[in-house]
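> What follows is each chain in one-letter form.
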Amino acid sequence: MHLSIALVLSALLFAAGIYGVLARRNAVAVLMAVELMLNAANLDLVAFDAWFKDQLHAGQTFALFVVVIAAAEVGVGLAIVLSLFRLRDSVALDDATDLADRDPVRRPVEPAR
Amino acid sequence: MTHWAWLLPALPAFAAVVGLFAWRVIPGGPAVPAIGGTAAAVVVAIAVLADAESNPLHATSSTTSWTPTGGVALHVGTRVDGLAAVIALMVAVVALAVQVYSTAYMAGDPRYASYAAEISLFTAAMMLVVVASDLFELLIGWEVMGLCSYLLVGHYWQTEGARGAAVKALITTRIGDTAFIFGIFALGVGAGSFDIARVTAAAPTLPHATVVAGALLLLGGVVGKSAQFPLHVWLPDAMAGPTPVSALIHAATMVAAGIYVVARVYPVYLAAPVALTVLGVIACITMLGAALAALAEDDLKRVLAWSTVSQLAYMAAGLAVRGWSAGIWHLLTHAAFKALLFLAAGSVLRALGTNNMSEMGGLWRRMPVTFATALVGAGALAGVPPFAGAFSKDAVLDAAREHGGGLGHAVYAVGLVTVFVTGAYVTRLIVRTFLGDYRGDASVRLHESPWVMTAPLVVLGVFAILLGAPVLPSSYGVARWLGRPAGTLALHVGAIDVVIAMLISFAAIALVGWLWSRRPAADPIDVLGRFATPLRRAFFVDELYDVAVVRPVGVLARAALGVDRRGIDATAVGSGRAAVLLGVGLRRLQTGNVQTYLSALVAGMLIVVVSVSVAVAT
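For the record, the sequence lines run as chains R and P.
Mapping to my numbering: the first sequence position 67 is 53, numbers consecutive.
Count along the second sequence from 1, then add 3; that gives the number in my numbering.
Treat each hint with caution, since some may be false.
One-sided excerpt, in silico: chain P residues whose CB lies under 8 Å from chain R [unchecked claim]:
| hint | residue |
| --- | --- |
| 1 | 602 |
| 2 | 605 |
| 3 | 607 |
For the record, the hints were derived by calculation from the structure and aren't laboratory data.
Where a beta carbon is used, it is the ideal one built from N, C-alpha and C, also for glycine.
Using the sequences plus the hints, can you model the full thing?
This is the structure in structure tokens:
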């Protein structure tokens, strides 16, 4: 199997991931798109590992690491999405714009306890 | 004992620090350190004088090197000769009299503590000027004196007049001081040392231009400090300060410091006769002009201020015609009798609450001690023998005659005319203040001042008589103490000068007395009619300065302010506003939508990757 097939597939996967991250409103869908991008990278790693016939199989090892990190990242990401949902009954990213630079709202400063 | 001369400035300075910061914890209050420090200075000054008296020309120096400058070395130390010792004692005695007097005069003043401390600091600064061995050391004392003068003139800072007078005094003397410091540079760099002894020793061998420049520039500071024409305008206004301050600073000591500095570096002036001629011309103008201004002034203290300007010109004239001893002797007698007159004026002011002679008259009945002592001072000022001022002034005139030439004759002639004017204004002062009938507010209860105020008057009165005595007829005790530099005229009082000056003075006294006896209620100056107006306005010098200097400077200042506001400030404020506007624009990008940020990130990365790829490919 030629290397370019794997690379093209990987690029398509990555592009789909980017599209999902930039365009989807649903936070869960965005997390899934991130997984797509990670797996595109995994595909590259494994493909190059096989192509170069690496004795140490460093590519495969890295792919394993990425899978583990992706799992951890999804755990954290889903926890954030969950608390976001609890907070505002919605996981739409368009609504979560609390970090926007708006004119400061003057609230009375609460005394420190 | 002269090795302890550093105590002369150190003790009053210590008293000033203690009096300013610790007077609350001292039993007896701020007067204790003030009087204690000054009295200690008197004791040291007597000891120093006793030591210096045995050999007046021998100067004792003790110096220690100061911080290294990389240029001409600076030293700090004391240099005591007969002149310094005598002046130091004079300063200490007058300062003590004023401090004692002030305890009663300033009683109840809420700022007495700082007032007494400032007088102590002034005394220290004046002592530093007197004993300094280095020109820069002298300059430090000189400037601190100016600062104390500013603070004390502005003691009643809640009044507009006092604030204006303080600023005027500071700025006017500052003009002269700028020249003064450059004079020090010229002499010090020329001689390779700022040490007074070395500068005076090197003066005859220096290039003529250096000596003349140095002497003339120093003269600028002297003219400012000693209130000589054309920088005399600050002294009459400085009378806005408390009267004891006028007595100490603006009659006896600080204004005499200018004369003292000329005497101290006199060999420099001997090497630059041009500077002496300039000094003589200035002195002639000031002498007569100030005396005429005093003739028409109604404010008692301002009469004395103009008289001080005039008498300082006598000292300057004495120095200008090489009558070194005569000038210094007149400085000493003037310090005694003018401080006396000012303190007497303060006693009157305290009793009446006014300075205007038109509201006085007949005070001799109620204030006999003040009257008697003022009469002694007035006699000395007018030149009535045997009071001190008569002979010292005659010595100046004698020196002028002996010096001869155009300058000598000019000084002699102007001096004699001024004797007449002086006799006239002194007589007017006495008859308007003490004789005749009381013209003022009838509700004022006239009374003699307490003994704390009259005692200094009596002491100074004794000095005003005694300081003239050693000259009778030929012992020249003062001259023996002073020791004079080579090339100056010996102290000499010719009988002919005494008689001529006395006759002129008596003629003036008789004339004013006759005018007064004709119309006792009227001001004797009124006989001049319209011609008195220029005298009252002091020949419009203030008005001239207002038009020629003050207003152009005001216009310049407003123009500078406009440039500052519309040019420099506008640039700074404008750049600030531009930054704010930029910020307002940029914050619109901050939408809070993370996907927008990421889109920008990806777009940017694409641009980088594509451009790098293109660059690598080509």
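> When the nearest CB of chain R is found for residue 607 of chain P, is that gap smaller than 8 Å?
13 Å, violated
> Does residue 605 of chain P pass the interface hint, meaning its C-beta sits closer than 8 Å to a C-beta of chain R?
6 Å, holds
> So, as I understand it, the hint says residue 602 of chain P touches chain R; can you test that by seeing if any CB pair is closer than 8 Å?
It holds, given that the least Cβ distance between residue 602 of chain P and chain R is near 5 Å, below 8 Å.
Consistency with the previously given hints fails for number 3 only.
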